[in-house]
Amino acid sequence: MNAVEVKGLVKSYGRFQAVRGISFDVREGEVYGLIGPNGAGKTTTLRVLSTLLEITSGSVMVHGIDLRERPDEVRKVISYLPEDAGAYKHLRGREYLRFIAEFFAEGEKADELVARGMEIANLGERIDDKVDTYSKGMARRLLVARALMIRPKLAILDELTSGLDVLNAREIRRTVKAYAAQGTTMLLSSHNMLEVEMLCDRIALINDGLIVAEGTPADLKQRYDAQNIEDVFVKVVSG
Amino acid sequence: MSNLSKIIKKEVKELLTPATLIPVIIIAVIFGSLGGVFGGVEESMSEPQKIAVVIEDNGELGQVAFAVLNSSAEIVYNGDDVKEALGTLEDAGGSSLFVIPSNFTSNIMDNRTGTIEAVWVMYGAGLMDSLPSEVAASLLTSVDQAISAYMITMGMTENASLVLQPTQLVETTIFKDKVMDGISPGAIAGVMSSQSFVMPLIVMMVIIYAGSIVISSMGSEKENKTLETLLTMPISRTSIVFGKLVGAALVGLLMAIIYMFGMGYYFDSLVGSASIDLGEYGLTLGVGDYVLVGISLFASLVFALALCMILGIFTKNYKAAQTMTLPVTFLAMIPMFVTMFTDFDTLPTVAKVLVFAIPFSHPMIAMRSLMFDNYALVLSGIAYTSVVAIIAMLVAVTLFKKDILLTGKVARSEEKGRSPLGSMIRRFVLKRK
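Quick mapping for you: the protein sequence lines, in order, are chains X and E. Be aware that the first sequence starts at 1, since it is given in the working numbering, and climbs by one per residue. Be aware that the second sequence starts at 1, since it is given in the working numbering, and climbs by one per residue.
It cannot be assumed that every hint is accurate.
[As the list claims (entries may be wrong)] List time: in silico DSBU-like cross-link candidates among lysine-lysine, alpha-carbon distance up to 30 Å: (1) E:402 / X:153; (2) E:319 / E:225; (3) X:89 / X:109; (4) X:177 / E:401; (5) E:176 / E:352; (6) E:401 / X:153.
No wet-lab data here; the hints were simulated from the structure.
Could you put together the complete structure from these sequences and hints?
See below:
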């Protein structure tokens, strides 16, 4: 069974169509990347899959659950990390992880989730500091930890390392790879072609609300006779 | 265009938005309306008061008193039947009946104070409602002066204190079918000012505090980008809405309790020296009455919070959230001012409908209404507030499931000339079909 099956997805805001009938599948345990320029429809697609936005037309199945019909069930198997997500600033890092964990488990199981989250965040003693004292990198690590500690069946990660320095970005990528290896399906979007090439098993290039190319990084490079995914992207987008 | 002009133009454009302009216009309209109300009261006070007079005294001084009253007021009844006088007075909308008893002249002639009996008809318990009787009472000073002048002319100057004050006033106030001997409307309004001021103030503060908590919470969730995470968690939208509402209600009620203690103590100290115990006249509230006031306050609070939640859905950030609380503040301020200075029962019909339509009015008027056993008004107020509160909650929960929660605006209509709200309704109807 595919983790995600998107068929003819359209998302409109009034007369403007942000997503114009895209279809793609994500296999279980796969890391699937959506790449494209600003305003291409990546974030809108991820928001629809995260149950945040209503579907205008088309269908989306997440682990066999019809998203339009049963969004509450979909929320039980996904974890969404928005691009510029924040955490509650009045909480300490550990308190934030516990607040989230207790929506998924109780008692010792919740303790286990928090412990796993602290391991992923790797913030040391700073985990007991208020979130509003964290640097951007620390806050993002906390949020990645929040998203992955529950071991979701599908993690939806929007611009995973946007705005982070090399070291923080590298650490987060390593964590995502490790959790993907343990069975969590990853659907991510990025502007960072290198990151996509390093992380993703398959890629969909999205432009102007449409998927214009799809395949493994190696396939795409071969198909477009390109050195890297950035070249593929330029060739595809410029036509 | 100079650099300075460019900056000024940019600042004005940035600051002069509907969100900043509309609240100021609403304030101006509210204060303008209040000015009109108070101006109207002042104007009506300067007109001759409608009074009824029952002269039982056939003596010279009774005629003097009548002449003074006749020259300064509009006498709607002049006869000898007190009951008939009261009926005529109430029909004419007057508030003062003066009875000159049969021994009025003889008492003064015998060096005793003459008694004038005044029966005040009070139509409402607001501070403004005691004004007509106070104006009418000032007529008696003119009566005193005329009788003093008569006594001096007639050489009756042996008793100087009697010449200075030849009459005494015996008052009875009739208010909502309750007859209260020895009390003036001003004294009743003064004692009731505790309820007149404290309850509306507390209700307003609770609504504004709890409301701003809900709106700010929504603004903060959007600004800090925590809302999206919350919405993708395995939590029902209804739980999120109710969680936010109950949290805000609890904090709002805590604020109310703190305010109630402070304001209650303040007003007790102001009216503590009053010698009137309204309980003697049956004007007290029982446990059941307090329960009804509580239910009215609760229903009103639920409506306020649901309304704020709806407004919060449209807010984009914390700063915008602060502006969003203003409509709720104004809605709470209108009944607060109205109930502080006037009585719901004495309002013109249009004003009554408007005040009734604002759900925040009902806990503000509940206490006074229950004191005079007006259960119909309180119960209908609770029923109305509960209905609008439930509707507002359903709207809030529905909007929480819509894109508008994240986009903060209704999508542009696909058809020209159709309003976004119209399109939403149309889509809803089509979906139902």
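Is the Cα-Cα distance between residue 177 of chain X and residue 401 of chain E 30 Å or less? violated (33 Å)
Regarding the pair residue 176 of chain E and residue 352 of chain E, is the alpha-carbon distance no greater than 30 Å? Status holds; Cα separation ~18 Å.
For the pair we were handed, residue 402 of chain E and residue 153 of chain X, check the Cα-Cα distance against 30 Å. holds (25 Å)
Within a Cα-Cα threshold of 30 Å, do residue 401 of chain E and residue 153 of chain X meet the stated pairing? Within the cut-off at roughly 23 Å; holds.
Going straight from one Cα to the other, do residue 319 of chain E and residue 225 of chain E come out at no more than 30 Å? holds (15 Å)
When you check the alpha-carbon spacing of residue 89 of chain X and residue 109 of chain X, does it fall within 30 Å? holds (25 Å)
Going down the numbered hints, you'll see the structure goes against just number 4.
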